[in-house]
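**Q** For reference, the chains in residue letters:
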Amino acid sequence: MTPDPSLSLDVETLRKDFPLLARTVHGRPLVYLDSASSSLQPRQVLAAMEQYYETCHANVHRGVYTTAEEATARYEGARVSVGRFIGAGDPEREIVFVKNATEALNLVANSWGKANLRPGDAVLLTEMEHHANLVPWLMLAEQNGVELRYLTVGGDGRLDLSDLDRKLDGVKIVGISAMSNVLGTIPPLREIADAAHAAGALVVADGAQAVPHLPVDVQGLGVDFLAFSAHKMLGPTGIGALWARAELLDSMPPFLGGGGMILDVRLDRFVPAEPPHRFEAGTPPIAEAVGFAAAVDYMETLGMPQVRSHEVELTDYAVDALAERLGDDCTLFGPPAAPDRGGVLSLGFRDVHAHDLAQVLDQYGVCVRPGHHCAKPLMRVLGVTATARASIGPYNDEGDIDTLIEGLVEAGRLFS
Amino acid sequence: MTDLEDLYREIILDHYRSPRNRGELESPPAHRVEGFNPLCGDEVVVTMLVEDGSVTDIKFAGTGCSISQSSASLMSSAVKGKPLPEVRELIRTFKSMMSIHEASLPAAGDGADGADGWDGDGSDGNGEHGSDGEGLSDVRKLGELAALQGVVKFPVRIKCATLSWNALAQGLDELGAN
Numbered sequence: 081m082t083p084d085p086s087l088s089l090d091v092e093t094l095r096k097d098f099p100l101l102a103r104t105v106h107g108r109p110l111v112y113l114d115s116a117s118s119s120l121q122p123r124q125v126l127a128a129m130e131q132y133y134e135t136c137h138a139n140v141h142r143g144v145y146t147t148a149e150e151a152t153a154r155y156e157g158a159r160v161s162v163g164r165f166i167g168a169g170d171p172e173r174e175i176v177f178v179k180n181a182t183e184a185l186n187l188v189a190n191s192w193g194k195a196n197l198r199p200g201d202a203v204l205l206t207e208m209e210h211h212a213n214l215v216p217w218l219m220l221a222e223q224n225g226v227e228l229r230y231l232t233v234g235g236d237g238r239l240d241l242s243d244l245d246r247k248l249d250g251v252k253i254v255g256i257s258a259m260s261n262v263l264g265t266i267p268p269l270r271e272i273a274d275a276a277h278a279a280g281a282l283v284v285a286d287g288a289q290a291v292p293h294l295p296v297d298v299q300g301l302g303v304d305f306l307a308f309s310a311h312k313m314l315g316p317t318g319i320g321a322l323w324a325r326a327e328l329l330d331s332m333p334p335f336l337g338g339g340g341m342i343l344d345v346r347l348d349r350f351v352p353a354e355p356p357h358r359f360e361a362g363t364p365p366i367a368e369a370v371g372f373a374a375a376v377d378y379m380e381t382l383g384m385p386q387v388r389s390h391e392v393e394l395t396d397y398a399v400d401a402l403a404e405r406l407g408d409d410c411t412l413f414g415p416p417a418a419p420d421r422g423g424v425l426s427l428g429f430r431d432v433h434a435h436d437l438a439q440v441l442d443q444y445g446v447c448v449r450p451g452h453h454c455a456k457p458l459m460r461v462l463g464v465t466a467t468a469r470a471s472i473g474p475y476n477d478e479g480d481i482d483t484l485i486e487g488l489v490e491a492g493r494l495f496s
Numbered sequence: 048m049t050d051l052e053d054l055y056r057e058i059i060l061d062h063y064r065s066p067r068n069r070g071e072l073e074s075p076p077a078h079r080v081e082g083f084n085p086l087c088g089d090e091v092v093v094t095m096l097v098e099d100g101s102v103t104d105i106k107f108a109g110t111g112c113s114i115s116q117s118s119a120s121l122m123s124s125a126v127k128g129k130p131l132p133e134v135r136e137l138i139r140t141f142k143s144m145m146s147i148h149e150a151s152l153p154a155a156g157d158g159a160d161g162a163d164g165w166d167g168d169g170s171d172g173n174g175e176h177g178s179d180g181e182g183l184s185d186v187r188k189l190g191e192l193a194a195l196q197g198v199v200k201f202p203v204r205i206k207c208a209t210l211s212w213n214a215l216a217q218g219l220d221e222l223g224a225n
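Heads up: the protein sequence lines correspond to chains A and B, in order. According to my numbering, the first sequence is numbered sequentially starting from 81. According to my numbering, the second sequence is numbered sequentially starting from 48.
Don't read these hints as lab results, they were simulated from the structure. Worth double-checking, as some hints may not be accurate.
Examples of chain A residues lying across from chain B (beta carbon under 10 Å, computed) [as the list claims (entries may be wrong)]:
#: 1; residue: His-106
#: 2; residue: His-433
#: 3; residue: Gln-439
#: 4; residue: Asp-442
#: 5; residue: Met-459
#: 6; residue: Val-464
#: 7; residue: Ser-496
Cut-off 25 Å, straight-line C-alpha distance, at most; resulting in silico cross-link-like pairs (SDA-like, lysine to any residue) [said to hold, decoys possible]:
#: 8; chain 1: A; residue 1: Lys-456; chain 2: B; residue 2: Glu-90
#: 9; chain 1: A; residue 1: Lys-252; chain 2: A; residue 2: Gly-235
#: 10; chain 1: B; residue 1: Lys-200; chain 2: A; residue 2: Gly-445
#: 11; chain 1: B; residue 1: Lys-206; chain 2: A; residue 2: Cys-454
#: 12; chain 1: A; residue 1: Lys-456; chain 2: B; residue 2: Val-203
#: 13; chain 1: A; residue 1: Lys-456; chain 2: B; residue 2: Phe-83
#: 14; chain 1: A; residue 1: Lys-179; chain 2: A; residue 2: Gly-428
#: 15; chain 1: B; residue 1: Lys-200; chain 2: B; residue 2: Pro-76
#: 16; chain 1: A; residue 1: Lys-456; chain 2: B; residue 2: Leu-86
#: 17; chain 1: B; residue 1: Lys-129; chain 2: B; residue 2: Pro-66
#: 18; chain 1: B; residue 1: Lys-200; chain 2: A; residue 2: Arg-493
#: 19; chain 1: B; residue 1: Lys-206; chain 2: A; residue 2: Gly-492
#: 20; chain 1: A; residue 1: Lys-179; chain 2: A; residue 2: Glu-156
#: 21; chain 1: B; residue 1: Lys-206; chain 2: A; residue 2: Val-464
#: 22; chain 1: B; residue 1: Lys-206; chain 2: A; residue 2: Arg-270
#: 23; chain 1: B; residue 1: Lys-206; chain 2: A; residue 2: Leu-494
#: 24; chain 1: B; residue 1: Lys-206; chain 2: A; residue 2: Ser-117
#: 25; chain 1: B; residue 1: Lys-127; chain 2: B; residue 2: Glu-81
#: 26; chain 1: B; residue 1: Lys-206; chain 2: A; residue 2: Gly-463
#: 27; chain 1: B; residue 1: Lys-188; chain 2: B; residue 2: Arg-56
#: 28; chain 1: B; residue 1: Lys-200; chain 2: A; residue 2: His-357
#: 29; chain 1: B; residue 1: Lys-200; chain 2: A; residue 2: Gly-107
#: 30; chain 1: B; residue 1: Lys-200; chain 2: A; residue 2: Leu-494
#: 31; chain 1: B; residue 1: Lys-206; chain 2: A; residue 2: Gln-443
#: 32; chain 1: B; residue 1: Lys-206; chain 2: A; residue 2: Gly-428
For clarity, every value in this text was computed on a predicted model and none was experimentally measured. In this text, a Cβ means the ideal position worked out from N, Cα and C, and glycines have one as well.
Take these sequences, add in the hints, and give me the full structure.
**A** Structure below.
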């Protein structure tokens with residue numbers, strides 16, 4: 081595939097925005113290949129948070145003094161920025177700030193789920209879900225007898241959709257990852273959402289991996305809920321978002337109770353606030369919201385089509401280089417290439433354990449994640465207990481992949 | 048020696064490539080214990096036969112990294128045929144070595160220096176090296192097991208090294224074997 085020059089990303093220049101890339105580990109430059117776990121932050125994000133604390137920090141929605149008004153404006157402004165980034169129709173009402181994608185998914189299971197699911201109702205999930213989109217539903221199933229069903233994953237790392245319509249019978253909600261954090265699989269979300277809606281079910285998408293790496297437009301995706309985390313998309317830890325259509329949020333009871341989420345409280349009852357504040361109990365992560373907005377501004381400046389195009393090119397390069405230089409020694413899980421895979425490379429190298437691979441790679445300054453990636457059911461499907469996962473961000477380049485392969489060769493030598 | 052060579056010493060790699068006592072004893076009569084490392088999904092199965100106050104036979108099975116596999120292999124070799132008080136003492140000494148404060152280890156010495164720098168009670172992080180005669184003799188008692196000393200410099204890997212030892216200790220507790 082010939083790259084479209086209008087979609088190119090000036091990686092050499094943007095790398096200078098990331099202070100951590102200047103670090104050395106064991107005398108070698110840091111090669112950060114763990115963005116699926118958490119991304120790095122550009123100095124623009126760090127500066128926005130510092131500027132907020134230095135010039136206008138106050139609690140939001142409370143004070144009438146100038147800095148409190150400014151802090152509230154920054155926080156609510158961040159909501160609009162984040163909502164626009166994913167194409168929300170009414171960002172002021174449709175974006176709920178939460179701790180992370182995990183909390184967003186727990187919110188859906190606990191609020192929408194408890195209000196709408198009865199014993200015998202079914203929830204359709206997939207075998208490739210992260211624990212964050214499994215355990216809240218397993219907890220709900222334990223509590224009220226909801227039936228859980230699963231779409232299976234085939235040998236090519238893609239979902240088996242051949243019996244989708246049959247599995248949707250009696251389903252009230254479908255929970256599905258928009259990009260697998262283990263395989264990089266990008267399922268046909270629109271097709272699945274259309275089928276789900278035809279069967280009378282809603283769709284909650286785990287966008288923790290997709291939103292940072294693909295152009296995402298919730299209108300086009302056709303889903304009803306979308307959960308994502310700031311720290312995987314160049315923003316700070318401690319904040320994420322749940323997007324849902326305004327009328328859905330309007331119909332949902334609160335999840336966490338406390339200050340800020342009420343209209344009135346008496347000793348025997350309370351009246352919840354309107355969304356999104358209904359779902360934001362307690363002092364929210366204000367500086368983090370400011371950082372989140374700075375992160376989406378930064379990504380919009382890069383351009384999401386450009387980010388995706390760069391990551392597709394680099395993933396193709398990695399897939400080819402691993403095959404050419406390591407041959408059968410290296411097993412790569414997941415779909416073979418774009419368009420339905422992202423830059424997540426879960427790999428095995430001979431019979432060397434993922435922990436040992438990651439330990440040797442660390443000596444080369446290479447950061448990869450060994451383990452089950454919070455997807456133990458998928459590990460069982462793949463027939464492994466752990467993989468070493470290298471995952472790509474906008475700041476990675478071919479040199480990073482070359483260093484990864486250099487480290488793998490050394491691991492092979494050490495353990496042969 | 049680099050930190051990596053200190054972690055993956057030749058004895059460890061040897062036990063990883065050619066594990067001793069690998070497999071499962073028939074249970075019963077052997078006692079069977081499973082251990083899990085939730086961090087990496089590693090699993091170990093230790094089967095042990097305790098007769099007349101001794102661990103007369105022991106095997107381990109399961110999947111795991113080189114550290115957990117070699118530690119299980121070294122453990123089985125060290126305790127097989129040993130009387131229970133000696134086995135208990137080995138477990139105590141080994142786990143104490145694994146809980147040692149990193150600051151009391153020399154940065155990257157050879158094996159002998161590492162032993163000298165080891166502080167017996169493991170709780171003392173004030174950086175005194177080689178002054179504790181009891182600690183020194185404890186490590187020498189460990190023999191080949193002292194090769195796993197380098198693991199302490201890699202805190203995430205300590206759980207890999209102690210996985211099979213915890214399973215052994217749990218099994219002996221369940222058997223009331225002291």
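**Q** Next step is simple, just say for each hint if it's right about the structure.
**A** Quick rundown of the hints versus the structure:
1. Because the closest C-beta pair between A:His-106 and chain B is about 8 Å apart, less than 10 Å, the hint holds.
2. With its C-beta approaching chain B no nearer than about 4 Å, A:His-433 sits inside the 10 Å limit, and its interface hint holds.
3. Interface hint status for A:Gln-439: upheld, as the beta-carbon distance to the closest one in chain B is roughly 7 Å, under 10 Å.
4. Interface hint status for A:Asp-442: upheld, as the beta-carbon distance to the closest one in chain B is roughly 8 Å, under 10 Å.
5. The closest approach between the C-beta of A:Met-459 and any C-beta of chain B is roughly 6 Å, which is under the 10 Å cut-off, so the hint is satisfied.
6. Here the hint on A:Val-464 is kept, as its CB sits about 9 Å from the closest CB of chain B, short of 10 Å.
7. Proximity of A:Ser-496 to chain B holds as hinted, the smallest CB-CB distance being about 9 Å (cut-off 10 Å).
8. The hinted pair formed by A:Lys-456 and B:Glu-90 meets the criterion: a straight-line CA distance of about 13 Å does not exceed 25 Å.
9. Distance restraint check for A:Lys-252 and A:Gly-235: the Cα-Cα separation of roughly 28 Å exceeds the 25 Å cut-off, and the hinted pair is therefore not satisfied.
10. Note on B:Lys-200 and A:Gly-445: the hinted pairing holds, with a Cα-Cα distance of about 17 Å set against a maximum of 25 Å.
11. For the proposed pair B:Lys-206 and A:Cys-454, the alpha carbon gap of about 18 Å is at most 25 Å, so the pair holds.
12. Simply put, A:Lys-456 and B:Val-203 have alpha-carbon atoms about 20 Å apart, close enough for the 25 Å limit, and the pair holds.
13. Among the hinted pairs, A:Lys-456 with B:Phe-83 is consistent with the structure: their alpha-carbon atoms are about 13 Å apart, no more than 25 Å.
14. Taking the CA atoms of A:Lys-179 and A:Gly-428, the gap is about 33 Å. The hint is violated against a cut of 25 Å.
15. Proposed proximity of B:Lys-200 and B:Pro-76 is contradicted: the alpha carbons are some 39 Å apart, above 25 Å.
16. At most 25 Å may separate the alpha-carbon atoms for a hinted pair to count; A:Lys-456 and B:Leu-86 meet this at roughly 11 Å.
17. Of the supplied pair hints, the one linking B:Lys-129 and B:Pro-66 holds, its CA atoms being roughly 19 Å apart against a limit of 25 Å.
18. For the hint linking B:Lys-200 to A:Arg-493, the alpha-carbon distance of about 23 Å falls within 25 Å, and the restraint holds.
19. A threshold of 25 Å between alpha carbons decides the hint, and for B:Lys-206 with A:Gly-492 the separation of about 24 Å falls inside it, so the pair holds.
20. For the hint pairing A:Lys-179 with A:Glu-156, the CA-to-CA distance comes to about 16 Å; that is within 25 Å, so the pair holds.
21. Among the hinted pairs, B:Lys-206 with A:Val-464 is consistent with the structure: their alpha-carbon atoms are about 20 Å apart, no more than 25 Å.
22. Distance hint between B:Lys-206 and A:Arg-270 is unfulfilled; the C-alpha atoms sit about 43 Å from each other, more than 25 Å.
23. Annotation: proposed proximity of B:Lys-206 to A:Leu-494 holds, straight-line Cα distance about 22 Å (limit 25 Å).
24. Restraint check for B:Lys-206 and A:Ser-117: satisfied, since their Cα atoms lie roughly 22 Å apart, inside the 25 Å limit.
25. About 18 Å separates the Cα atoms of B:Lys-127 and B:Glu-81, which keeps this hinted pair within 25 Å; it holds.
26. Restraint check for B:Lys-206 and A:Gly-463: satisfied, since their Cα atoms lie roughly 23 Å apart, inside the 25 Å limit.
27. With a C-alpha separation of about 18 Å, the suggested pairing of B:Lys-188 with B:Arg-56 holds against the 25 Å cut-off.
28. Using a Cα cut-off of 25 Å, the hinted pair B:Lys-200 and A:His-357 is violated, with the two alpha carbons roughly 47 Å apart.
29. A threshold of 25 Å between alpha carbons decides the hint, and for B:Lys-200 with A:Gly-107 the separation of about 17 Å falls inside it, so the pair holds.
30. For the hint linking B:Lys-200 to A:Leu-494, the alpha-carbon distance of about 19 Å falls within 25 Å, and the restraint holds.
31. Between B:Lys-206 and A:Gln-443, the direct Cα distance comes to roughly 20 Å. Compliance with the 25 Å bound is thereby established for this hinted pair.
32. Distance check on the hinted pair: B:Lys-206 and A:Gly-428 sit about 22 Å apart at the alpha-carbon level, within 25 Å; holds.
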